[in-house]
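Residue numbers (this note's numbering), protein chains in the order written: chain S, 142 to 244; chain G, 4 to 675; chain A, 98 to 607.
These are calculated hints, taken from the structure and not from any lab test. Incorrect hints may have been included.
[What the hints assert, rightly or not] Heads up, simulated DSSO-like pairs for lysine-lysine below, C-alpha to C-alpha not over 27 Å straight-line:
#1 Lys608(G) <-> Lys249(A)
#2 Lys243(S) <-> Lys232(S)
#3 Lys243(S) <-> Lys635(G)
#4 Lys315(A) <-> Lys305(A)
#5 Lys123(A) <-> Lys305(A)
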Amino acid sequence: MSPLQICLLLSSGLFCVGLAGALSRSNSILVLLGVELMLNAANLNFIAFWRFGPAPEAATGIVFVIFSIAVAAAEAAVGLALVIAIYRHQKNIRLQEATRLKG
Amino acid sequence: MMSPQYLWLIPALPAAAAAIGAVAPRRGRALAAGSAIAALAAAFILSCAALRVALATPAEHLVHNFAWFDLGDGVVAVGWLLDPLAALMCVMVTAVGALIFIFSLGYMREDENFTRFFCFMSLFAAAMLGLLIANSLLLLFVCWELVGLASYLLIGFWFHRPEAAAAAKKAFITTRIGDLGLLLGMVWLYHAGGTLLFYDHGNGCLETAALARLAAPAAGGLAVSTAIGLLIFCGAIGKSGQFPLHVWLPDAMEGPSPVSALIHAATMVAAGVFLIARVYPLMSADQALAGVPLHALTVVAFIGAITALMGACIAVAQNDIKRVLAFSTVSQLGYMMLALGVGSWVAAIFHLLTHAFFKALLFLGAGSVIHAAHHEQDIRRLGGLAPRMRITFATFAVGMMALAGMPFLFSGFWSKEAILHAAGAWPVSLLPLGFGLAGVVLTAFYMTRLVAEVFFGPARSEPAGHARENSALMTAPLLMLAVGAVGLGFIGTPAWPWLQSKLTGEAIPARSLFEGGGLMALSIGLVFIGLGAGWAIYGRRARTEAAALDPLAARAPVIFNFLGARMKFDELYAGTVGRLARWAGTLAVGLDRWVWGGMVLLLAKFGELVGVADREADEAGLNAGFNAVSEKLRDAGRAYARAQTGRAHGYLRALAVAFVVLALLIIAEGGR
Amino acid sequence: MNGFPWLTLIVFLPWAGAALLALLPKLDVRAGRVLALVFSLSTLVVGLALLPSFKHAAAGYAFTEDHAWIAALQVNYHLGLDGLSLVLVLLTGLVAPGALLASWRETRDPRFFHILFLLLQGSALGVFLALNFFLWFIFWELSLVPAFFLIKLWGGAGASRAAYQFIIYTMAGSACMLLGFAAIFAVTGTLDLARLATLAADGTLAAKLAVLGGFWPKAVFLGVFLGLAVKVPLFPFHTWLPAAYAEAPVGVSMFLTGVMSKMGVYGFFRILWPLFPGPLQAASGVLLWLALGGVVLGAFAALRQTDLKRMVAYSSINHVSYCLLALFAVTAATGGVGADGGAAAALSGAVLQMFNHGISAAALFFCIGVLESRSGGRRGRDEFGGVRSAAPVFAGLCGLAMFSSLGLPGLNGFIGEFLIFRGVFALAPWAAAAGCLGLLVTAIFLLTFYQRVFHGPRAGAAAVEFRDLSGRELAVLVPATALMLLLGVLPQILIGLYNPLISFWTAHLP
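Same shape as in the complex, but just chain S (with noise of 0.2 Å):
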């Protein structure tokens, strides 16, 4: 096995269990936490390609990874903020509950 076949099945890996997390979990934050885990598969896919692709001097993978990281943060606050305003509402943070947005 390459070294880049290595890494996409870790990513592969990484991303089923984040999936199978935000799938399976009521608790907002677990489900926030598998969306983080997926996106880290997606970064992870980034480095490999670069590491492994055909011109690996230009850093154009590892400043997409900052940008992706640098957004996964904003995420998270912004998602974090929504499990606080959710624990206001309704005294919990059970995903399953928080149907307000209903159409």
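Since the structure of chain S is already known, use the hints to place chains G and A on it.
Just chains G and A now, kept in the frame of chain S:
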């Protein structure tokens, strides 16, 4: 020397006095009265000076014309005119006026509006004098109306009395009816003659060139001058109280007695006679036309004759001392018109002058009686005044003799004889003469009745019993007027026709006093019949109490009451003209409200209808379509919204499934 | 004096006053009144200042201002002043301050009242001076707006209805006129009144309008005619007038009758007559009857009014109709009418009558305002009695105004009416004869008014207490009556201003 360009001073002096009286405070009695009398006295002196100038060249018309205002390329000119007619009238008006002003000092002493009285009187004098010296029909008309204004103000002097207020209005409106005829005549004359100046060195409308043009036969053989003359005569009918517009004159007696004397006896009412005398060349211009159905002067003669007789008849049955005199004035003015109509304008002016003196005398005498008897005017409640008011009685008797036409000594006799002779010589008809002679009997009769009732018998009321002779301020003018009432007759006797020759500017040969003596004898006889009958009925057995029935009323109640109600003219006019005017007014208002207003309303309703229809169409057509479309849109939205469950897990699941499907698709494509 | 925009100054000074009042909302009420009065008086002051340099002028425009304005429509800012305009400017200058003084004690929002009033005054002046139809029409329509609000907001009980009636009626007329001028602009390409007049004089305008074909040339004439006839108002387009005059506050009634009714007559002289000599002549037979109807029926209707303001309103219809009677008599006549002076007399009389009626009718409205102010708003003919005993000075001055209105010689009304009758008689004798009836009935109703209100024992609203005139009221009535006397004796003062114009008109009659 009084040349025509200074003539304006004569009316200007009283006008200035009127202005002073208008702004003077109520306390300024001496100022107002003093300036009024002084101004009129000065005007009298100026008039005498003017008379001297005029008499020096009696046949000429001295004029001073000037432009009043521009009119297009031309001007409207007016001017002053000096001839013996104007000058004589000025002298008469200022003389009689000054005496009446002096009398008023006493008569109006207690009135709180003393200053205003003299203001109005001066205004009247100014307007009247302006009328006399006007050399333009336009200027004459202006003064004519101002005279009417002064008359309105003075009749309504005691305006808080409703009768006085109503009488003032009636006088103004009745005379205005005539004045509109005069106005039309004037604009017609302006149109046809090209000028309103009477004399303008050959270009005036009373001079040969214009008269020839005006008297040329027009439609139906009638001359334009006939129509113009008749329209101008309308004005004279109104102002001089001729039938059928005489109704205002008796009511005008609501004013103070000096007003009645000055305006409604001596001067203003004579303005109509003066007007016709002034435009006499125009009035008589159509005489040369033969075979014309109508001459202007014929109408004048008949109107005058009817008025003379009618006024005398009504005067017989009046019980108010001033109303008897008022109808007597109507009657005498009728004589003057009669004289004008039969072609002797000189006789008319002669009678005008003598009448001014003796009628002013009679009215002031009546005023003296009324003043002494505390405003008691009903002759049935007077009586027995002769011994207590000797000067008033004596002078009143002189006036009565002059009016009745007592032969030889009194002025009224000579002027009346001149009129009757002229009427006797009229070729058209002898009817006016007959009317005039009948009037002579009646005049003597009603004056005898008046004197007998007022001065003889017992006093029949409290105030009459306490009456005393008035102060010298009031009796002195009476005496001076009495002198005039006697002496003035001698300036125009057949034996010494000074007045006639001066007025016409031709030498008139003196005639024997007894030429045409038949008619004179007849009229003298008639005077004595009238006097005798009056004395027989009223004098011999004098009335003893106020409520007693009049002897004539006892004998012919229907006629007496009919005459006493002034032949019911007022009722007739109220029933016809008054009602017609009211109907016309109602019609005009109704037209406004229902026809013109209705049409607008209809238009508005139509607009409203269009609006309603438009709204209905909108709601049924356009709105329904819009509603349907938006309903569909809303349904679609609702269906879409159902997918939004609000469950975050559901969304994630959908994402995951979609990701798996996407991955599978990519794998199935062969991993390219 | 040339070069300085005097005419602009005349028009816009009242507007400047209005703007100043609008910008100073905190101004003391009393100071605001004085300010408004000063700006209102400016018209008279400037008008009189122009007199010395005006006198030498011949028939044409003594002062003009002409600047390009809207090039696309060929609209110029064109003002001009000739004798006719000057007479009306002076009239406005006299009536407007008097009207302001009449409403001096207005307590409901006086600042706004004065702003609207000055706007109204400026618009009226603009109408009298504008020589371009576009500009003229702007002023013409602008005058409606303040008039509407003045009637509606400060008027009596029925004011709202009267104001709507007034504005809708006049708007409808104006709309017709605007359409007419749109057609004229379409065929000639100009809106300058002076140029259009020259075009009309040589027949070009009629020829160009004939291109429209069918009934349309006549419709253009009718549209313009209707707009003016409603404003005057010519019988039978007058039904808005009695209600509007009666319900408006006294000062506004004075302005409406004194100035606004003259705007319509002015339009007849400045627009309809020069632009449509042919159609006007064809229609004059009918129009003469209408004017006569206004003279006679207006007077008779006044006879039946017990509300004094309505009475004066109807008498206004009667008086203004004389002006149009004279004009239509001149236009109706054909061939050589200028010869004997009849046309000159009629036209001169009509202009004089415009001025005289403005003064007399405004003074009469003012007197009724005095009666209203003393009696808590009552103005019935039968609700007073013996006022002359209580207030002799008022009675005297009101009497002068009344006699001036009924055309007594020696006062201003007479010369105008005499000249009109003189002219009309020469041109249409029967109309003059029938018109006399109007003179008579006018005398009857005015004297009845005076008898009921001033004479007799004190009664009604004057029974207990009735003050004589205050200083402010004297300041209006004394100059007005003095002017009546002055013009009655020396009419040349006014006639001299516009007589060259009369000569010009009569020289150019067909």
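*What hints, given by number in increasing order, does this structure fail?*
Result: hint 5 breaks, nothing else.
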